[in-house]
Amino acid sequence: MQIKVMTSILERNDQISAALQERFEKAGIFVLNLLGSPGCGKTSLLEKTIHALKDTLSIAVIEGDLFTAKDAERIEQHGVPVVQINTAGGCHLDANMIDGVLDCLDLDTLDVIVIENVGNLVCPAEFNIGEDCKVTVLSITEGDDKPLKYPLIFKQASAVILNKIDLLPYTNFDLKAAEKDITSIHPGITLLPVSCQTGTGLETWFNWLIEQVQIKKGKESK
Amino acid sequence: MHEMSIAQGILDIVLKTAAEHNAVRISYIKLLIGQMTQIEPESLTFGFAALAANTIADGAKVDITIVPLVGECNGCGQQFTVERYSFLCPLCQSANVLVVSGRELAVDYLEVE
Numbered sequence: 001m002q003i004k005v006m007t008s009i010l011e012r013n014d015q016i017s018a019a020l021q022e023r024f025e026k027a028g029i030f031v032l033n034l035l036g037s038p039g040c041g042k043t044s045l046l047e048k049t050i051h052a053l054k055d056t057l058s059i060a061v062i063e064g065d066l067f068t069a070k071d072a073e074r075i076e077q078h079g080v081p082v083v084q085i086n087t088a089g090g091c092h093l094d095a096n097m098i099d100g101v102l103d104c105l106d107l108d109t110l111d112v113i114v115i116e117n118v119g120n121l122v123c124p125a126e127f128n129i130g131e132d133c134k135v136t137v138l139s140i141t142e143g144d145d146k147p148l149k150y151p152l153i154f155k156q157a158s159a160v161i162l163n164k165i166d167l168l169p170y171t172n173f174d175l176k177a178a179e180k181d182i183t184s185i186h187p188g189i190t191l192l193p194v195s196c197q198t199g200t201g202l203e204t205w206f207n208w209l210i211e212q213v214q215i216k217k218g219k220e221s222k
Numbered sequence: 001m002h003e004m005s006i007a008q009g010i011l012d013i014v015l016k017t018a019a020e021h022n023a024v025r026i027s028y029i030k031l032l033i034g035q036m037t038q039i040e041p042e043s044l045t046f047g048f049a050a051l052a053a054n055t056i057a058d059g060a061k062v063d064i065t066i067v068p069l070v071g072e073c074n075g076c077g078q079q080f081t082v083e084r085y086s087f088l089c090p091l092c093q094s095a096n097v098l099v100v101s102g103r104e105l106a107v108d109y110l111e112v113e
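Protein chains in written order, with the UniProt record's numbering: chain X, 1 to 222; chain H, 1 to 113.
It is worth saying that the hints were derived from the structure and are not from the lab. All of these numbers come straight from a predicted model, not from anything done at the bench. Glycine included, every Cβ here is placed at the ideal spot set by N, Cα and C. One or more of the hints may lead you astray.
To be verified - Distance condition first, Cα-Cα at most 35 Å in a straight line; then the derived DSBU-like pairs of lysine-lysine:
| no. | chain 1 | residue 1 | chain 2 | residue 2 |
| --- | --- | --- | --- | --- |
| 1 | X | Lys176 | X | Lys26 |
| 2 | H | Lys30 | X | Lys176 |
| 3 | X | Lys4 | H | Lys30 |
| 4 | X | Lys216 | X | Lys70 |
What the hints assert, rightly or not - Over 10 Å on every C-beta distance to chain X, these chain H residues come out as not near it, computed from the model:
| no. | residue |
| --- | --- |
| 5 | Ile6 |
| 6 | Pro41 |
| 7 | Phe46 |
| 8 | Leu51 |
| 9 | Ala53 |
| 10 | Asp58 |
| 11 | Asp63 |
| 12 | Gln79 |
| 13 | Tyr85 |
| 14 | Phe87 |
| 15 | Leu91 |
| 16 | Cys92 |
| 17 | Ser101 |
| 18 | Leu105 |
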């Protein structure tokens, strides 16, 4: 006997993600899913962001990592709430993992939650975790061929941060070519070239983030 | 390697569906996997076989149809196969392109006894 099913395999994850979104919506919190390879500078970017914005925005961080709490320890030094999720070898965070740690945060006091996903350009792109948007970090040292090799993570992102641009003179990274590939995968995407080392471009990123939070708060007050 | 989580999702769906139809064995599972998903079919079928052991889906044939990536231009209405992940309309260059197919990750149908 044949049975027609036609059910999305990610349906359960998407249901939990939608429930999380509703919870964040009620609390008026903007949630960002921060993606990128290991070593692209996700945690450095977060540290710079917290340092610059912690008096303007109430920020909390959820850290995804395979086994360690190294990133959470770095974030903790900046005096913001941080929760560590260890995936024990799992290559991505899923909505259920976020649901499981939310009680560790006081949602009523927060403007922003940044979820730093497991360093990986492949798997995290498939799993919604209740976020308002995904932001992908691509660093110059990874090479300009990565957008076309891992298109989904660039298609799903609202903004791409091109980090380590201070290293451009020392590499064969073609910034124009990479930007062209990213915008053909995702026309209209926000591209933010930065260097966490020198601070170049970070102001534009901070302003982008503040704007997203204000848009969310505006929606909430309606 | 998130194929194991996907395989677990498939197993949950097929066991639930089979139970609803009082089936005693699942012999065939048809999956639709979009071209723009991050799935390695061999890892997926391997992972599924391991998870399905000792269930009524043990030994089920898993058949995957890859769904091509197709866009539709909201400007001129042109439908086109997306090449090199370029989501610009090849006819009018509009950036306002809808993904019609190619993002599927679904159980299409089962054959049960």
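*Of all the hints given earlier, name the ones this structure violates by number, lowest first.*
1, 2, 5, 13, 14 and 18
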